[in-house]
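Student: The numbering used here numbers the first residue of the sequence shown as 457 and each following residue consecutively.
Each hint should be verified, as a subset may be incorrect.
[As the list claims (entries may be wrong)] Below are the PhoX-like pairs computed for lysine-lysine, each with C-alpha atoms no more than 20 Å apart in a straight line:
no., residue 1, residue 2
1, Lys548, Lys537
2, Lys519, Lys537
3, Lys467, Lys487
The set of hints was computed from the structure by calculation and includes no laboratory data. For clarity, every value in this text was computed on a predicted model and none was experimentally measured.
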Amino acid sequence: MDRLLRKTRSKRYMDALHELDAGGHTHKQNKVNEIIDAICSEFPEIEISGILLGFVSMCYLVKPYEVHTLDVTGGIIEHYKTGQALPNGLEKARGIAMRGGYDFIEVYIDCCRAISANGTVSVISC
Numbered sequence: 457m458d459r460l461l462r463k464t465r466s467k468r469y470m471d472a473l474h475e476l477d478a479g480g481h482t483h484k485q486n487k488v489n490e491i492i493d494a495i496c497s498e499f500p501e502i503e504i505s506g507i508l509l510g511f512v513s514m515c516y517l518v519k520p521y522e523v524h525t526l527d528v529t530g531g532i533i534e535h536y537k538t539g540q541a542l543p544n545g546l547e548k549a550r551g552i553a554m555r556g557g558y559d560f561i562e563v564y565i566d567c568c569r570a571i572s573a574n575g576t577v578s579v580i581s582c
């Protein structure tokens, strides 16, 4: 499983996750479902729902928003203000996302996987 989760992410996957910063998705469940489908399609060999908590990335909406998340279990995209705590174990990825250098952070129960613009994966203990 670790080998599969280290593979370079596909263009479709990267494009889907980049849509998280388009503020309006928080109210369009069909768009959220499309993003989650792209995530599941990236890992057909793995039951990802038991180990993937969600995604965190820097938010490019206007201040006071700092990061946004996708909670995979609940299918919820949320934008968080500076200092507002992230739920369900996602807080451990906030600092990594805020430092920049990565497009988004996949948050797992045992680690974080920072994904670069070209889809490469860096495993970070959290």
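Student: CA of Lys548 to CA of Lys537, is that 20 Å or under?
Tutor: holds (16 Å)
Student: Run the distance test for Lys467 versus Lys487: straight-line Cα separation, threshold 20 Å.
Tutor: holds (18 Å)
Student: Holds or violated: Lys519 and Lys537, Cα atoms, limit 20 Å.
Tutor: Satisfied, since the Cα-Cα distance of roughly 8 Å is no more than 20 Å.
Every hint, counting from the list given before, is met by this structure.
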